[in-house]
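Enquirer: Work the whole structure out from these sequences, hints included.
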Amino acid sequence: MKYFIAVCLVFTFNVLPGFSQSKKTDLPGIDIKTLDGKWVSAKTIQKDKPMVISFWATWCKPCVRELDAIRDVLPDWNDEFDFQMVTVSVDDSRSEHRVAPFVKAREWNYEFYLDPNSELKRALNAPTVPHTFLYNKKGKLVWQHSGFTEGDEDELYEKLLEVTKK
Amino acid sequence: MMKWYGKYKMMKFTRSILLLLFLLTIGYACDYVEAPYFENHETGGEIEDVQSNVLILDFTGHTCKSCPKAHRIIHQLTEVYGDRIVPVAFHLGYFARVSGDKYSMDFNTGEGAELESYYNFVSYPIGLVNTLSKNSLSPYPSWATESAGILEKEALIAIDATYQFDQVASKLNVDVSLIPVGTLSEECGPNLRLAMYLTESHILAWQKDEDVTPMDVENYEHNHVFRKAFGSIWGESVSLDDVGISNPLLLARSVTFEDSWLPQNSSVVLFVYNSETMEVIQSILVNLEI
Amino acid sequence: MVKTKLILASVIILFFSVSSRAQEIPGRISGNFQLDAQTYKADTLIGARAAPEKLLLNSYANIRYDQGGFSAGLRFEANLNTLQGIDPAFDGVGIPYYFIRYRTEDLDFTVGDFYEQFGSGILLRTWEDKFLGVDNAIRGFRIRYTPKPGIQITGLIGKQRHFWELGEGIVRGLDGNISLNELLPSLQTSATRLAFGGSFVSKYQADGDPLYILPENVGAWAYRFNLSRGGFQLESEYSTKINDPSADNNFIYKPGNAILVNASYATSGLGVNLSIKRVDNMSFRSDRNQNLNKLMLGYLPPNSKSYTYSLMTLYPYASQANGEIGIQTEISYRMKSGSLLGGKYGTQITLNASLVNDIDKSAINDSISIGAPGSLGYKSDFFKIGDDKFYRDINVEIARKLSKKWKANIIYQYLNYNQLVMEGKGGLLSANIAVLELTWKFKSRNTIRMEAQGLWTKEDRGNWAMLLAEYTISPHWFISVSDQYNYGHPEEVKRIHYLYGSVGYIKEATRIQLSYGKQREGILCVGGVCRNVPAMNGFSLSISSTF
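Chains as they are written, first to last, in the working numbering: chain A, 1 to 166; chain B, 1 to 290; chain C, 1 to 547.
Treat each hint with caution, since some may be false.
As the list claims (entries may be wrong) - In silico PhoX-like cross-links for lysine-lysine, where the CA-CA straight-line distance does not exceed 25 angstroms:
1) C:Lys405 to A:Lys159
2) A:Lys159 to C:Lys458
3) B:Lys102 to C:Lys458
4) C:Lys458 to A:Lys61
5) A:Lys61 to C:Lys518
6) A:Lys61 to C:Lys401
Calculated directly from the structure, the hints in this document are not laboratory data.
Expert: Next up, the structure:
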């Protein structure tokens with residue numbers, strides 16, 4: 001453990017500033033899976049526009065309420081802002097295969113990813129689902145929210161408004 | 001730093017690590033065992049002067065369907081090692097509750113309830129092998145392995161007991177002698193405790209057993225059932241400071257039987273432990289012949 | 001103790017040095033913390049025990065540093081003492097989790113603790129769930145290598161977390177995945193996607209047992225095949241292991257196997273799902289002597305749907321590693337908004353059926369009874385279904401937005417639950433469950449949610465009714481009151497109201513919740529891994545925050 005800390009310190013202060021970075025983002029290099037089974041690094045999913053990432057699961061009622069609520073307002077939001085709406089399901093192998101039919105049947109039109117062992121959820125320190133993150137155009141985390149109650153989508157709308165104005 | 005390392009070199013390095021891992025796992029990682037699956041004990045069990053016995057506390061209950069598995073491990077160990085295995089079965093907690101017509105025999109004891117609140121058992125069966133430490137609760141499949149290790153050691157204390165049963169008063173009088181025969185560690189000195197329990201075997205009553213059909217077994221033989229402690233469940237403090245082979249520590253203790261307990265099926269369990277580490281130093285089993 | 005202090009000091013130094021130099025170092029520090037405290041009042045009627053400590057507390061904090069391909073992190077845990085129902089072996093304070101990870105385009109190293117899953121996780125899945133008291137992270141070394149897009153190889157070696165120590169067994173694993181569409185240029189644009197994979201996992205544990213001759217190295221293999229085209233998807237995995245006598249299988253020497261097939265079809269407004277699972281002696285732990293949620297290496301996903309409505313969680317299904325065969329199907333359909341049946345805002349209908357039985361088991365010969373320890377255990381016909389019913393769940397759910405202000409959700413469920421196999425008491429119970437949930441957004445950001453639930457059964461604790469009302473003021477406040485009433489308990493004195501109230505405050509990623517009331521004895525399951533939740537009576541406080 002002592003060695004671990006020592007190595008940690010050495011790394012942090014001596015080596016890191018030397019690394020060159022291809023793309024700056026607050027998202028860590030953790031792999032998540034697309035619905036057709038391709039693994040991609042979370043670092044690479046954002047395309048030069050503000051991005052919402054909502055963590056959810058098929059068995060989580062408030063998560064489904066949140067994404068249902070956003071489904072109903074998404075056409076209006078899309079008219080107003082240019083942003084990415086990303087969802088990451090933390091369904092494990094028990095219900096992972098339910099995700100694709102689940103989202104299709106609900107007519108959700110988001111970008112979908114799977115995080116079956118909660119790797120990304122853990123790396124972003126979300127203790128539970130639902131948990132929503134908002135990144136600005138430059139990939140910086142500007143806002144996050146834990147849980148969902150009816151009407152929370154309005155707060156997300158306001159935050160999106162702030163982020164897209166800048 | 002990384003740039004010095006050519007990409008090619010890095011790949012080669014990685015490949016050799018992967019290959020190594022591969023060989024390590026695939027090459028050596030399977031032990032197929034052929035029947036018979038039991039160890040052979042024909043030559044085992046040499047008798048030495050003072051051997052370390054093994055105290056096994058089995059926390060159990062009559063409606064706990066997996067608990068007979070633990071009883072069977074104790075039985076198998078007793079078949080191999082005889083009285084060097086010193087078992088005590090405490091019926092306590094949820095699965096020892098009296099319920100319905102079948103599970104009407106009450107094996108619960110006040111001492112058992114005391115242990116339950118001390119150990120906060122999460123599941124049954126669970127046990128303690130030669131220790132009373134909260135952190136050493138062990139699942140029944142480990143008991144044999146843990147016992148084997150202890151049985152190889154030499155005892156540090158010799159316990160001896162003689163008894164006399166008073167039929168009229170249903171009272172059992174036990175004379176205990178303790179002699180240190182090895183070197184006890186220093187901190188052991190002031191922390192030694194002697195505990196004495198009365199247990200009863202061959203009690204026929206209902207027991208749930210998931211390995212037989214139907215699961216409810218009538219006339220299941222309950223063995224080593226804890227009945228009563230001679231005094232406190234945690235025993236009494238003893239000092240072996242000025243004690244040697246010529247002048248053993250002598251104690252006389254007694255316990256009174258309840259009417260339903262059969263003296264001829266009963267045993268006395270005696271053990272000495274270190275109340276600091278909660279490790280058991282020596283234990284003996286005395287089967288009453290009355 | 002000195003060690004812990006030293007570690008703490010180092011962490012604090014690290015933390016402050018990094019924050020003070022934040023301008024120079026472009027990395028990111030993030031983390032979270034969570035605290036759950038509960039007071040315990042004895043209540044013999046519901047079976048609640050008092051705690052000698054009066055108040056019990058589980059808490060943890062994660063700190064993580066990310067910079068380019070480098071990351072490092074640790075978790076501090078303090079359980080003083082552990083909440084009732086979670087193993088008291090978690091009592092204590094310490095840093096049970098720490099790691100360094102470095103990742104380049106094709107290489108990914110982790111040293112320290114890590115969570116990993118091979119395929120569906122049947123052979124290897126290390127994970128954590130604080131509510132369950134599960135944390136079986138591997139401490140060791142992991143390397144992931146992507147020689148070219150579409151091929152990935154993972155190798156690992158380590159020991160699993162066992163409360164504040166490491167388990168006895170050494171785990172070694174190798175996993176490979178090939179995605180044909182990424183690998184072959186000709187297939188890159190194909191609508192048909194094909195992927196293969198395989199894993200090998202082996203564990204080592206010394207044999208010191210004087211009774212049995214035990215295998216010290218136990219190997220297991222898994223093979224995967226996934227295919228998708230358009231809305232159609234097929235995932236399959238077959239796994240097998242060699243003789244692995246353990247506490248779980250009562251020390252039989254039979255090899256184990258499991259097969260898992262998931263097929264689904266999805267198109268806008270319709271989703272259909274079918275999964276088949278057969279498990280035969282496939283419990284896999286890094287310590288053969290352990291039970292419950294300790295040192296699990298494999299994860300057997302249960303073939304049933306998970307629910308969150310209280311009364312629907314009374315009898316949850318848990319995977320039976322020693323043998324089960326099951327099928328689950330789900331059909332979900334959205335009736336278009338504006339259509340005759342769909343109403344103005346559309347209606348979602350979901351049908352689900354799960355059926356699980358025991359596998360067929362017969363004696364090897366006349367002299368050995370089925371499952372006798374120290375034998376090959378039993379024979380099993382792969383295509384035969386055992387007679388013992390484990391679980392049946394047939395249910396229909398209708399969700400409909402009635403107007404701008406009102407939403408309704410109705411569920412009816414028929415349930416068969418083999419309580420004897422799952423909990424070791426009772427028998428096969430059948431229950432009917434109904435749930436009605438209404439959401440009324442009566443003014444902007446002000447919502448009242450109501451639940452009425454009923455469970456009817458002749459067995460176990462009899463009938464239950466439940467009412468819940470929750471008032472939320474987005475985005476900060478919520479307050480809820482619920483009453484679970486066991487009005488059909490066979491013993492009249494136990495017909496008890498379990499009243500429970502909560503109030504909570506949320507600000508962005510910080511959440512505080514205070515509750516008071518009685519909680520019934522029950523089973524909590526996440527993904528088929530369960531623990532007993534003892535009855536409780538008292539206050540509970542929960543705080544969590546992410547930064």
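Enquirer: State for each hint whether it applies.
Expert: Quick rundown of the hints versus the structure:
1. For the suggested pair Lys405 (chain C) and Lys159 (chain A), the alpha carbons sit about 24 angstroms apart, so the restraint of at most 25 angstroms is met.
2. The suggested pairing of Lys159 (chain A) with Lys458 (chain C) is violated, with an alpha-carbon distance near 52 angstroms, which exceeds 25 angstroms.
3. With a C-alpha separation of about 21 angstroms, the suggested pair Lys102 (chain B) and Lys458 (chain C) falls inside the 25 angstroms cut-off, and the hint holds.
4. Distance check on the hinted pair: Lys458 (chain C) and Lys61 (chain A) sit about 29 angstroms apart at the alpha-carbon level, beyond 25 angstroms; violated.
5. For the hint pairing Lys61 (chain A) with Lys518 (chain C), the CA-to-CA distance comes to about 23 angstroms; that is within 25 angstroms, so the pair holds.
6. Of the pairs offered as hints, the one joining Lys61 (chain A) and Lys401 (chain C) holds, with about 15 angstroms between alpha carbons and a cut-off of 25 angstroms not exceeded.
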